[in-house]
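Numbering-wise (this note's numbering), the sequence shown opens with residue 1072 and increments by one.
Simulated from the structure, these hints should not be mistaken for laboratory data. Heads up, the beta-carbon is just placed ideally off N, CA and C, and yes, glycines get one too. It is possible that part of the hints are untrue.
With beta-carbon atoms standing in for the labels, derived distance ranges [what the hints assert, rightly or not]:
{"no.": "1", "residue 1": "N1332", "residue 2": "A1925", "range": "50 to 58 Å"}
{"no.": "2", "residue 1": "E1534", "residue 2": "D1554", "range": "46 to 54 Å"}
{"no.": "3", "residue 1": "R1626", "residue 2": "R1323", "range": "44 to 52 Å"}
{"no.": "4", "residue 1": "D1554", "residue 2": "P1794", "range": "50 to 58 Å"}
{"no.": "5", "residue 1": "W1425", "residue 2": "A1334", "range": "23 to 31 Å"}
{"no.": "6", "residue 1": "P1084", "residue 2": "P1794", "range": "50 to 58 Å"}
{"no.": "7", "residue 1": "G2115", "residue 2": "G1986", "range": "26 to 34 Å"}
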Amino acid sequence: MPTSASIEPLVLPTPPADEAAVLDAGGVACWSGDVRMRTYEPAEPDRFPAFFDRRVYQGSDGRVYPLPFTDRIAAEGVDRDWRAVVVENRWLRVVVLPALGGRIHAVLDKTSGADLFYRNGVIKPALVGLAGPWVSGGVEFNWPQHHRPGTYLPVETSVQRDDDGTVTVWQGDVDPLQRMRGTHGVRLRPDSAALEVVARLQNRTDEPQSFLWWANVATEAHAHYRSFFPDDVRHVADHARRAITAFPTADRPYYGVDYPNRASARLDDYADIPVPTSYMVTGTADPFFGGYDHAAGVGFVHWADHDLSPGKKQWTWGHGELGRAWDRQLSDDGRPYLELMAGVFTDNQPDFSWLAPGETRTFAQRWFPIHAIGAPQQASRDAALSVEVAEGELRLGVAASRIAEGELLVVLPGREHRLPVRLEPGRPVQRSLPAPGVASRDDVRVELLVDGAPVLVWARHDEQPTPWSATAPPEPAAIDGVDEALLTAQHLVQNRHPTRSALPYLERALALDPQDSRAHLALAEYRHRRGELDAAREHLDAAEARLTRRNLNPRTGELHHRRALLLERAGDDRGARAAFVKSGWDTGYALPARLGAARAHLRLGEAPEALEQARAAVAVDPANPAARALLVLALRRTGGDAAAELAAARAADPLDPLLAALDDDLHPLDPRTLLLVAFELERSGEPELAVRWAAGAAQAGASAFGNPAPLAHYLRARILDDPAERAAARAADRRWAFPDGLDEEGVLRDAIAAEPHDHVALGLLGQLLLGARRGDEAATVLDAAVAAGSDDPVVLRSAAIAAVNARGDLDRGDALLAAAIASAGPMPRLVFERDQLARLRGVGPFERLAALEASGAALHERDDLTVVHLGLLVDAGRAEEALTVLERRRFQPFEGGEGQVLAVFDRASLAVAAGLDPIGAAALLDAGLTAPEQLGEGRHPGDPIAERLVAAGDAHAAAGDADAARERWRRATVRLDVAPRPAREDDHWVGLAHLRLGERREAEAVWADLDRAADELEAAPLAPDYFATSLPELLLFSVDDPVGRSERVARLRELAGLGRSAA
């Protein structure tokens, strides 16, 4: 397979003369300009908000609201210019694309002339991202969840040049979902060949927030490329530790692959992994890992502080038909790649840590190239060491990222050697020593010394402990202890579990002890986050009653912090100030306490007291931009040197939006940031500034980030008490205006209080409540919007969703969707969703098909609607039409949603083949055994294909080719490399294949498995797999389907009976 060196070179903008001079002098140059690349543009985001309450994404909650969702990518590419920032020293050239989430697009190893990481020659997104588009290649920085919500959105950029010549390209954004702030700096030093990434993660909110960080490096995947991990890695784990296997050779089934029965089962060898597969190291004492191209003699090491960065992961689409299909979706040349991911404050996915309110977390990661030494056995922040014993010889290799004089101390049984070495990037050290009687590297100790001190040590590792694997928690009713119920609830919240709610576990804790303060505090937080403030207050009162029964000063400040937040929402600034100060008696709450108290003093006009609290906040965290901003505001009111403080704060953090606004220099790429800053200024007692920046938000316009305009007008209306601003809100463009959060809810409720029949405010509030999963409230508010005269199709659709999901009223949902279609026209999404509701309402396939074809919609504009239409065509006996579409259209699957197009393709092919002569049928069925490229999918080894194979065998038999027939039937019975799994409907055809081969005993085993699967399905709870990693359920209606399950149970038993009858 080709390596990245064979790709067309990336044509970079020419550096300015002054930067070229810096580079020639051995320094670090940095410049920006346009890079032209073939680009497959995403479509505009969907007009309608995405309420994905049932979506499992990377093992976590796939909620995307309020971010607009994109579900289509252009089929043809166009040449497009992308702004690139280039940072380069004598060893590395790094190309950053701020417009794509701040990812590193390419790193050139100037020593070898090869790309250090996998470089994609095009920008070709596929539907892999949380909000839709995602591109492969380079380095993606995933935070606060996987993949980064803004991975296909632009970030702010600033370049920092230090006195020692170090250059850092800072990039950051305010997370579109949680509104935390992440900033990463891509750094090169003049004296180092290491690429450094320095991260600052800040929780700008009042609540603790869970997060993870994975730096996602794409690497080559070909016959000579291997990932490497420390030698003490003996086991790896799947997502959420749902499965464990040995490493590097798998010793048990993993990802459904029966590795023990394969000829080779090495998980560090791409060619041995046939299906999409993740694995994460369960334990190691070492801080490094990486990848190495054994043909080119070039690789890289990742190094980070092991105490902070335990995460070491490999992902691949797999060396199989399914993987190749995804390679084609993501690149023009179809080159495969691996992902070698480095996790900080996490070692699994999902495995989230916490950021406290106001907290800023910093850390660093490093990658450096290695040459000619092979995969290393040990590495430090600046060097890597390989140790091999072969044919009585010890072979050592050292690659370094800095120039230094050093010494290798080699300890062999009974003797030692000292070998002087010169370390220099791009010039590996290679030494050989005779080692008679040395059986392996475990008998050797090697130290690399610089200035007489060891900087790297290789010695035999101690065994890592046997890893544990996770289990699903019991249902709430099965838990007998308060502590277990609360810990389970915390786990579900912390790891953002997609299908199981924490609420029943919290309620179980209260059922076991109705006064438990921990349960009441947890429920107060749960209700507060959702905006259910009255319920939050009741739980807080109950918690306070228990906590202060014997002690007026609780051990932590959480109780008073939460009390302060509720009092602040209620407009009681003095009460909030006092509660904030009391919460600060606990050092753990000192920062949010000082911030909250300073804001309250500013709102009360108490500038000297605000200055005291702001200075105290800065003392707690001098780098906190919110504290620095409050200090600036307090200094302005007290006559202090606010300008100097602001200049210093901005120099320390030039990308902070609040500081930029105070400096009259805020021009964010994300227009929602303008509204966020306006709310923060209003909270900080600066209504005039809030009105000003809200005006900017009102004029910013809609984009892929969303649309703050209506909310900005409503905020101005509240501050100014101006009916004209409410009228402007009603007249504003509402495209992608998806409100979210307590601040925006408060503004909308104030607008409705001022004008109770404001259908726009009602509609926006209903959407917000639906996005917050407060369905019953949403249904009430959305019904009021409709009653007030709203004919907005977005509101009508939202009302339909609430009617179905919150109240189970499927008929009203259908009527509202019909009204939405009447208002907007037959938009394909609305037609698709009304059809899905029709299926749930029990409408038959012929009636559904007629309704689709009478709708006037572009039925083949969307993949999901196309698949539904084609399936109904097959049901109606019009399979030829379906197959014609399938042969001509190119499909774009969502990750994890593969198989839907193939299923209708197989159904259509079988139906058409049934009407052909045997030779034609055999040819048609054989041709589709490998998925046609235009379907966008490849077959998984475990995919149901037995029916197609049996039918192909029957066709060959009818055509007189007995050998071909038996070969197809035999293939239908072979599980390939797939491990045992529960029986499913397609196994009926496996049994028939056994019968055609005369294998009655094997066939009977299949019928028994079908009966057993029916019994298990009937007894199982109606719930998704607790450990599901990717269920891209993009349907809206959360209606349990016991009838559908009963039908599946009956079908399994029917198929078992039919099989026995055929025997």
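Quick rundown of the hints versus the structure:
Separated by about 53 Å at the C-beta atoms, N1332 and A1925 satisfy the suggested range of 50 to 58 Å. Separation of E1534 from D1554 is about 33 Å and departs from the stated range, judged on CB atoms against 46 to 54 Å. Range check, R1626 to R1323: Cβ separation about 46 Å, and the 44 to 52 Å hint holds. For the hinted restraint 50 to 58 Å between D1554 and P1794, the CB-CB distance of approximately 54 Å keeps it satisfied.
The given range of 23 to 31 Å is broken by W1425 and A1334, whose C-beta atoms sit roughly 45 Å from each other. Checking the proposed 50 to 58 Å range against P1084 and P1794 shows it holds: the Cβ atoms sit about 52 Å from each other. Between G2115 and G1986, the C-beta spacing of about 30 Å keeps the proposed range 26 to 34 Å intact.
Of the numbered hints listed earlier, those contradicted by the structure are 2, 5.
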